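Construct all of the structure, not just a fragment, from the sequences and the given hints.
The sequence shown begins at 1 in the working numbering and counts up by one.
Hint data in this document are derived by calculation from the structure and do not stem from the laboratory. No false leads were mixed into what you were given.
Below, simulated DSSO-like cross-link-like pairs (lysine-lysine); rule was C-alpha separation at most 27 Å, straight line:
| # | residue 1 | residue 2 |
| --- | --- | --- |
| 1 | K40 | K30 |
| 2 | K30 | K58 |
| 3 | K40 | K58 |
Taking CB as the label site, the calculated pair distances span:
| # | residue 1 | residue 2 | range |
| --- | --- | --- | --- |
| 4 | F25 | Y46 | 27 to 35 Å |
| 5 | Y70 | M44 | 29 to 37 Å |
| 6 | E27 | L64 | 18 to 26 Å |
| 7 | N23 | N45 | 29 to 37 Å |
| 8 | Y46 | N75 | 14 to 22 Å |
| 9 | A59 | E27 | 12 to 20 Å |
| 10 | V47 | F26 | 33 to 41 Å |
| 11 | L64 | T36 | 14 to 22 Å |
Source: prediction; values computed, not measured. We put the CB at the ideal spot given by N, CA and C, even for glycine.
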Amino acid sequence: MKKKIFIPIIAVVIFLTTVSFKNDFFEIAKQIEIFTTLFKELNMNYVDENTPATLMDKAIHGMLEDLDPYTVYWN
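Below, the structure written as C-alpha cells:
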C-alpha cells in the first residue's frame with residue numbers, strides 16, 4: 001500500500017523539479033543574453049577607453065555588492 005502512494009509522489013516531485021529548473025534556466029539564459037548585448041555595446045561604443053577585463057571586474061563587483069557584505073570576489 002505504501003509503495004502505491006510513494007511512487008506517484010516521487011514522480012510528481014521529479015516532474016515539478018524539472019519544470020522549475022527549465023523555467024530558471026530560461027530566465028538565466030535571457031538575462032545573460034541581455035548582459036552580453038550590453039557588454040558588447042559598451043566595449044565597442046563607449047566614449048572612454050576600457051578593457052573588457054576591467055569592465056567585467058566592475059560588473060561582477062557591482063552584482064556582488066548588492067547581495068550582502070560577506071560575498072566577495074577576489075581576482
